[in-house]
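**Q** So the protein lines, in turn, are chains A and B. Its first residue numbered 1, the first sequence is counted upward by one per residue in the numbering used here. Its first residue numbered 129, the second sequence is counted upward by one per residue in the numbering used here.
Derived from the structure by calculation, the hints contain no laboratory data. Note that beta-carbon positions come from the ideal geometry of N, C-alpha and C, so glycine has one too. Some hints here could point you the wrong way.
[As the list claims (entries may be wrong)] Selected chain A positions facing chain B (Cβ under 10 Å, derived; list incomplete):
1. Y67
2. R74
3. Q84
4. D101
[What the hints assert, rightly or not] Calculated pairs, SDA-like style, for lysine to any residue (alpha carbon to alpha carbon, straight line, at most 25 Å):
5. B:K248 with A:L77
6. B:K247 with B:E267
7. B:K144 with A:Q43
8. B:K144 with A:S21
Each chain, written out:
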Amino acid sequence: MIYNQLLKSATLFVDIMDIHSEENGKVTVIELFGELDSITAPQAQDHILSLVKQDSRILLDMSQVSYMSSAGLRILLVLYREIQNKVGKIVVCGLNDEVRDVMAITGFLDFFHTVDNREDGLKQLMAS
Amino acid sequence: MTIQEHRLRIPALQEKVKEACEFVSRLARAAGMNDDAIHRYYLAIEEICTNIIEHGYSQADYADQQPVIDLVCRQYPDRLSVTILDDAIPFNPLERAEPNPTTALEEREGGGWGIFFVKKYMDRVTYQYAEQRNQLTLEKRIR
């Protein structure tokens, strides 16, 4: 499990969330790397929001996010609202079991369309 | 009955919270907890310590006191208990109104999920104010 590997290599951590973004046709793919916690999430928020334009179709790839706390939920909340305001769409892919559970018990999962992998997400957003 | 006790004190700084999470995770692992339970402890400790730093110690009164957070872990044969202690004004987080997971995201106010996780993820959570300290105890059975 990724989480265990991270715990073991804890001393190697840098408290920064890496964010990659790329345009793939009409879809903006945002890939997050690392842990979304109370240190990294506030730093990542502005960057992530700046990627949302009018009518954006966003694919949020979280396959490299090993851990998310309530600070990460806050990002998902503001991202969701920003996309609503800009009449965009979002699909989330690559949730691990722990992150999915955090989203499930707080009801966030009910408001996001999720798919297993990036290919499925791209397909859905391209077709929409 | 043998009870093993371990203690950690961290400065009440956000960048030190991870130390507390890892301290408890290590003990949970050593106690034989599975990955899911370890994740739940890790998350609970982050949420509680963050709340203490952001709310409990947010007043200017604490700025020059170098406030701390103490953790006391006790391993019983059947369960692990973690008490988190702070010196902020008395506050029982368990009395706070819970956010509702069915509320539409458009209408959510954002806060309160931390303690929500703690209640969901632990088997028992108790609060007391004693010896002039907030003391929140999390317990989870070892399966």
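**Q** For each hint, tell me whether it holds in the structure or not.
**A** Cross-check of the supplied hints:
1. Y67: holds (7 Å)
2. R74: holds (6 Å)
3. Q84: holds (7 Å)
4. D101: Because about 8 Å separates D101 of chain A from the closest Cβ in chain B, which is inside the 10 Å limit, the hint holds.
5. B:K248 with A:L77: At roughly 21 Å apart (the allowed maximum being 25 Å), L77 of chain A and K248 of chain B satisfy the hint.
6. B:K247 with B:E267: holds (10 Å)
7. B:K144 with A:Q43: holds (17 Å)
8. B:K144 with A:S21: violated (30 Å)
Hint compliance for this structure: hint 8 alone is broken.
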